[in-house]
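2 protein chains.
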Amino acid sequence: MRSEFEFIQQIKKNYSLKSIGDDCAVLPKDAESDLVITADLLVQGVDFRLEWTTPEFLGHKALAVSLSDIAAMGARPKWAMLSLAVSQPVWNSDFIDEFYEGWHRLAAEFGVELVGGDVSRSPDRLVIDSIVGGEVPNGKAILRSAAKPGDSIFVTGELGGAAAGLRLLNQGHRYAASNSEEYDSLLLKQLEPIPQVNTGILLQEQRLATAMIDVSDGISSDLAHICVESAVGAKIYADRIPIRRDLKSIFKSPNEQLDMALNGGEDFELLFTADQNKISQLKSPNFTCIGAITASIGTIELVRNGRIEILQPKGYRHF
Amino acid sequence: MRSEFEFIQQIKKNYSLKSIGDDCAVLPKDAESDLVITADLLVQGVDFRLEWTTPEFLGHKALAVSLSDIAAMGARPKWAMLSLAVSQPVWNSDFIDEFYEGWHRLAAEFGVELVGGDVSRSPDRLVIDSIVGGEVPNGKAILRSAAKPGDSIFVTGELGGAAAGLRLLNQGHRYAASNSEEYDSLLLKQLEPIPQVNTGILLQEQRLATAMIDVSDGISSDLAHICVESAVGAKIYADRIPIRRDLKSIFKSPNEQLDMALNGGEDFELLFTADQNKISQLKSPNFTCIGAITASIGTIELVRNGRIEILQPKGYRHF
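In order, the protein sequence lines correspond to chains Y and Z.
For the first sequence, my numbering assigns the number 1 to the initial residue and increments by one for each residue that follows.
For the second sequence, my numbering assigns the number 1 to the initial residue and increments by one for each residue that follows.
Heads up, some of the hints might be wrong.
It does not matter which identical chain is used: a pair holds within one copy or between any two.
[Stated by the list, open to error] Simulated pairs of lysine-lysine, DSS-like, Cα-Cα distance not exceeding 30 angstroms:
{"no.": "1", "residue 1": "LYS148", "residue 2": "LYS13"}
{"no.": "2", "residue 1": "LYS78", "residue 2": "LYS18"}
{"no.": "3", "residue 1": "LYS78", "residue 2": "LYS140"}
{"no.": "4", "residue 1": "LYS78", "residue 2": "LYS12"}
{"no.": "5", "residue 1": "LYS12", "residue 2": "LYS283"}
{"no.": "6", "residue 1": "LYS314", "residue 2": "LYS18"}
In case anyone wonders, no lab produced these hints; they're calculated from the structure.
Could you put together the complete structure from these sequences and hints?
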């Protein structure tokens, strides 16, 4: 069976589509800027569960996942559209108002204006399509395809928190239901992720990143996307992966911790390649170097306890 | 309970959103052009049924409804995105390839390129969000809000065909299942509608239309949108409504015919207001004058058999 990535590659090839395959489409806008656009479809029961979240969190997250795609291009978000398929009971409740409240709070933080969308009735499931447009100086969008052997590989923040939050939700934990601070912090990372918009813009403005992607599927998959698009390989080190601290205090197995950090996804951090020296000069404690790009096309090596294993992309796939 | 239109008005007011409420959002692009964008969400079982259509027709229609919105602004479509929530059995079949084949055939006709989108898994229903971007000279997008008392009201083509096609589908008829030519023609109008893109561009380039909307909900509702946004009223004449000819040979009741033409929706013709003299000079047999804009804010009068009745918006509503 085709994966969603294979399907996209096939459509792209069959119909000679050039703008498809990155976090956002990049389209010419004017003499200074390119337009970048992304769409993210969230389906109740697959991408979220109403029992696990609140309308405000869901509104926030629907926008955050798209802002994260804009961030991964080094672009500045500008406007958004929302398409919602809503069941009659949900429509009759305060859900949509609260959803939009959460959406708007995040939008206001980044100066994003809602300019359109659509409302349809759904017989049952809530479905959300979140569309965001942004701008980046002409030709300066940071693509997945420009990593070069010798580049160092960096991630922002810490990894595995969203996966740990998802695990806690699956175990029956809920946000703010007399949990400890660690539990709530991990649940928030899953339910109300913070897109790294300003970091993406910084990396673009200072010409620091050669290639970039956001951590949405899990870095084992997201790094594989960079390697495929750039026709390179990668070598990363298990002991350099910045595993979320509060995760470690709840999930004690080092293997489990590493699995969450590598394959968990939805952390919405940025994974980028860059010249090590340039990043060192920045002195940002927010960036961790986890390895380097190699010439072994398509192969990701994971160095773990002094041994090298081949890392398979085990991040989230819809198909 | 709020209608979808009331919800949109409320959101617009609460958050001071200016770009919402027309067929497309209009955003500044460059020194010459504005960008127009639209999103249309189609939900299986609500907006379409797989038993009634083919994957190719559905792909065509998903794009057509958005191209029709672009046409209603007088804009030229340029690019598109597709977000699809697909069940595992549909994913495993040839459905998506055939869907995209139908989508692409229409896209190629208008030079529209697929630039992005998203694929998600759906546990059951197919959900499609169709996003199209287009361009129109700066400040020249034809809005719903610029109709003036005294303007004549025109529609392109004939009305009621899509509603008649829907009725036939409901009655068990299927396209190309040894029907007469009239049946197939009405079924096609419902399943594979033709967006009036070139007519929209013509009306814009020649500065003919003062306000415009596409006939998606039914003209009783679509004309009401123009009246509300323009703060005007309208008077239309039943005997001038161009009822689709092949509809009349199947549905004999004049009341039923008029109801389909006024309230049926999905004809994806254009409804526009203009100076009668300018349109007369065009000598286009494709435009029918059905009445005129009045100063009676929000009231649509229907003149029928010499009597005036107030026309209520009875077109399609999701809520």
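Comparing the hints with the structure gives:
Proximity of LYS148 and LYS13 under a CA criterion of 30 angstroms is satisfied intra-copy only: 24 angstroms inside one chain copy versus 50 angstroms between copies. With identical chains, the CA atoms of LYS78 and LYS18 are at most 30 angstroms apart both within one copy (23 angstroms) and between copies (14 angstroms). Taking CA atoms no more than 30 angstroms apart as the test, LYS78 paired with LYS140 passes in both settings, with 17 angstroms inside one copy and 22 angstroms between copies. When the C-alpha separation of LYS78 and LYS12 is checked against a cutoff of 30 angstroms, the pair qualifies both within a copy, at 27 angstroms, and between copies, at 17 angstroms.
Taking CA atoms no more than 30 angstroms apart as the test, LYS12 paired with LYS283 passes in neither setting, with 40 angstroms inside one copy and 43 angstroms between copies. For the identical chains of this complex, LYS314 and LYS18 are intra-copy neighbours only, at 27 angstroms inside a copy versus 44 angstroms across copies, given an alpha-carbon limit of 30 angstroms.
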